Amino acid sequence: MKQNSPLQKNPLSLQLDLSKYSAASFELATDEEKRQQDVMGESTTFFKDGMRKLLKNPLAVIAIVLILLILITIIVAPYIVPYSYEEILSVEGRRDKGAKNLAPFTYSKMEQQYIAKGGERFPHIFGTDEQCRDYFIRVVYGTRISLFIGFFASLIVLVIGILYGSISGYLGGRVDLIMMRIVDIIYSLPDMLMIILLSVVLNEVLVFPAGSFMARLGTNMVSLFIVFGLLYWVGMARLIRGQILSIKQNEYILAAQSIGAKPGRIIRKHIIPNCLSVIIISTALQIPSAIFTESFLSFVGIGVRAPMPSLGSLANSARGGLQSYPYKLVFPAVMICLIVLSLNLLGDGLRDAFDPKLKR
Amino acid sequence: MGKYILKRILLAVLTVFVICMITFFLMHAVPGGPFNKEKALSPATIEALNARYNLDKPVFTQFLLYMKNLLKGDFGVSLKNGREIKAVIAESFPISARLGVSAMIVALLLGTVLGSTAALMRNKLPDRLIVFLSTLFTAVPSFILATLLLLLFCIKLQWFPVWDASNQSYFLPVLALSAYPMAYITRLSKTSMLDALSQDYIRTARAKGVSRFKMIFKHALRNSLIPVITYAGPQIAYIITGSMVIETIFTVGGLGSKFISAITNRDYTMIMATTIFLATLMVVANLICDLLYKLVDPRIKYD
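Keeping their order, the protein sequence lines are chains A and B. If you want the numbering used here, it's the position in the first sequence, counting the first as 1, plus 1. If you want the numbering used here, it's the position in the second sequence, counting the first as 1, plus 63.
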């Protein structure tokens with residue numbers, strides 16, 4: 002066999018005999034043809050993937066739409082409805098005494114005369130209450146306040162829980178042991194009883210200078226936040242500590258450490274993104290439970306102070322005229338149920354979408 | 064095992080002590096004494112009254128005295144009507160207990176039955192219906208459900224009389240109180256039943272030709288009950304707080320409604336006594352549930 006000659010082609014081989022072709026007989030693949038070869042899915046981030054799963058869940062989508070509708074209503078309504086939540090109705094400067102306990106979409110006698118004269122009057126969509134105030138705007142403000150309390154209470158719980166839980170989880174050892182014993186004791190306190198007790202006492206003890214921000218919020222609301230800050234963070238702290246302890250065990254942390262990553266980078270790049278989903282989910286589920294607690298306290302009479310309405314206090318004051326004006330109970334009741342239901346569904350959807358490990 | 068039980072009992076005793084301490088010192092932080100009335104008393108009278116009720120002693124001594132009396136079962140007297148609190152509790156607690164225990168039994172029974180049914184008929188119509196209703200009911204606060212029930216059945220339809228001395232129907236209060244725990248237990252027992260059904264021992268049992276009835280009741284259901292027991296402990300706390308509003312709405316004269324009226328009247332000794340009593344009850348119930356849980360499930364280690 003001669004050296005340096007091209008390999009002899011096996012007559013049975015299907016391989017092309019290149020000696021028969023020249024460069025001119027080939028053409029380059031176009032970009033489109035190259036892309037057809039690419040079977041990989043588009044690269045996706047953790048967040049995008051979770052959102053895609055979330056939007057495929059019909060219940061979660063309904064919940065998001067409901068929450069958006071409620072949010073738009075409570076933001077826009079005060080600009081459209083010409084009444085305010087503590088305003089006693091009056092027609093042309095005179096107090097309208099007949100506008101008491103009106104049914105939805107009805108007018109009082111004075112208002113009817115005013116309309117007959119050609120005046121314009123905005124309809125009372127939910128009627129009026131026993132003190133001649135427009136009920137729709139009161140329900141709107143009640144929803145605002147209930148949502149505000151739910152959101153900020155969860156934020157307080159989140160911040161304290163993350164700080165306490167992460168310190169305990171990082172330091173470990175004796176510090177962790179003592180910090181967790183404290184959590185155990187607070188956890189075993191009956192929270193609702195303690196909340197009632199604290200609210201009763203704080204309502205008496207807290208006095209704010211008139212005109213300050215705290216005074217505008219009212220002692221009841223401030224004491225509500227203090228109570229949440231004191232008691233409700235323990236669940237979150239436990240959760241965060243558990244997460245950090247289990248994440249610290251992972252191989253990728255060891256790998257990062259062994260190639261010389263600094264603790265700050267490990268915390269930022271590895272630990273926080275990995276517990277983020279758990280944090281978001283439990284915060285989303287914390288909001289409805291805070292709203293529940295607030296409405297319970299308002300119902301008992303130690304929640305938000307009059308004339309400021311919250312959904313719980315509206316429902317409570319509606320009990321007085323239950324027989325004659327049942328709709329006054331129904332509106333705030335339906336509102337609470339809708340908010341809690343949609344937040345619960347959204348929380349469940351978020352959990353299914355972002356944390357497959359938690360799914361059961 | 065013995066060490067674990069001892070540890071848990073010690074923690075419970077410590078918790079009860081902390082609760083008593085918090086309650087006592089919080090109530091003493093409220094400005095104004097019990098003798099601050101609209102009609103001003105002479106300083107000499109107030110001094111005499113303070114000496115009579117040991118209010119002139121330092122707060123810590125007062126706390127020790129209070130604790131000593133508590134251990135003897137003496138809760139003191141109500142600030143507003145002067146009645147002995149022990150008598151009030153003895154009279155009203157049985158009513159609350161009957162309401163709470165019935166609600167708990169209804170919630171546990173119906174909850175597990177509905178949850179297991181949903182799991183066994185997975186993705187069929189009954190399952191969807193049960194899941195829908197239980198999701199709905201976990202979003203309704205008990206006081207709203209109670210008021211709506213009162214409105215619908217007592218006032219509009221008049222099927223049930225409103226509660227008074229002659230007519231004591233527990234049906235509606237129990238229904239209102241058990242709705243939330245029932246919905247929660249339904250969801251919980253559905254997931255745990257599904258979990259149990261997918262275990263290897265179920266497949267083994269089926270492969271060996273065990274009847275469907277025996278498989279469900281002997282193998283699956285018993286194992287699926289374990290998480291439900293864990294949940295029963297915290298649920299007692301919910302039942303106790305929930306019963307406060309339910310009793311107030313249905314005007315049932317139990318301890319819960321007494322507590323709420325004590326809060327409205329600012330009757331501090333009554334608030335203090337009831338809080339300590341109910342909190343101790345919750346801690347003890349939790350302790351029992353915890354120990355039961357360990358007893359039922361031998362897989363759990365005592366750490």
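Mixed in with the good hints, there may be bad ones.
As a list, the in silico DSSO-like pairs of lysine-lysine whose alpha-carbon atoms are at most 30 Å apart [to be verified]:
hint, chain 1, residue 1, chain 2, residue 2
1, B, Lys-219, A, Lys-110
2, B, Lys-187, B, Lys-271
3, B, Lys-187, B, Lys-281
4, B, Lys-219, A, Lys-101
5, A, Lys-49, A, Lys-263
6, A, Lys-118, A, Lys-101
7, B, Lys-187, A, Lys-57
8, A, Lys-54, B, Lys-187
Derived by calculation from the structure, the hints in this document are not laboratory data. All figures in this text were calculated on a predicted structure; none of them were measured in a lab.
Measure nothing beyond the straight line between the CA atoms of B/Lys-219 and A/Lys-101; if it is 30 Å or shorter, mark the hint as holding. holds, 23 Å
Take the C-alpha atoms of A/Lys-49 and A/Lys-263, compute the straight-line distance between them, and say whether it is at most 30 Å. Judged against 30 Å, a Cα distance of about 28 Å means the pair holds.
Is the hinted pair A/Lys-54 and B/Lys-187 satisfied, with a Cα-Cα distance of at most 30 Å? holds, 24 Å
So if I understand the rule, the pair passes when the alpha-carbon distance is 30 Å or less; does B/Lys-187 with B/Lys-271 pass? holds, 27 Å
Below or equal to 30 Å on CA atoms is what counts here, so check A/Lys-118 against A/Lys-101. Cα-Cα ~22 Å, so holds.
Between the alpha carbons of B/Lys-219 and A/Lys-110, is the straight-line distance 30 Å or under? holds, 29 Å
Please work out if B/Lys-187 and B/Lys-281 have their alpha carbons no farther apart than 30 Å. Within the cut-off at roughly 24 Å; holds.
Between the alpha carbons of B/Lys-187 and A/Lys-57, is the straight-line distance 30 Å or under? holds, 21 Å
Checked against the numbered hints given earlier, the structure satisfies every one of them.
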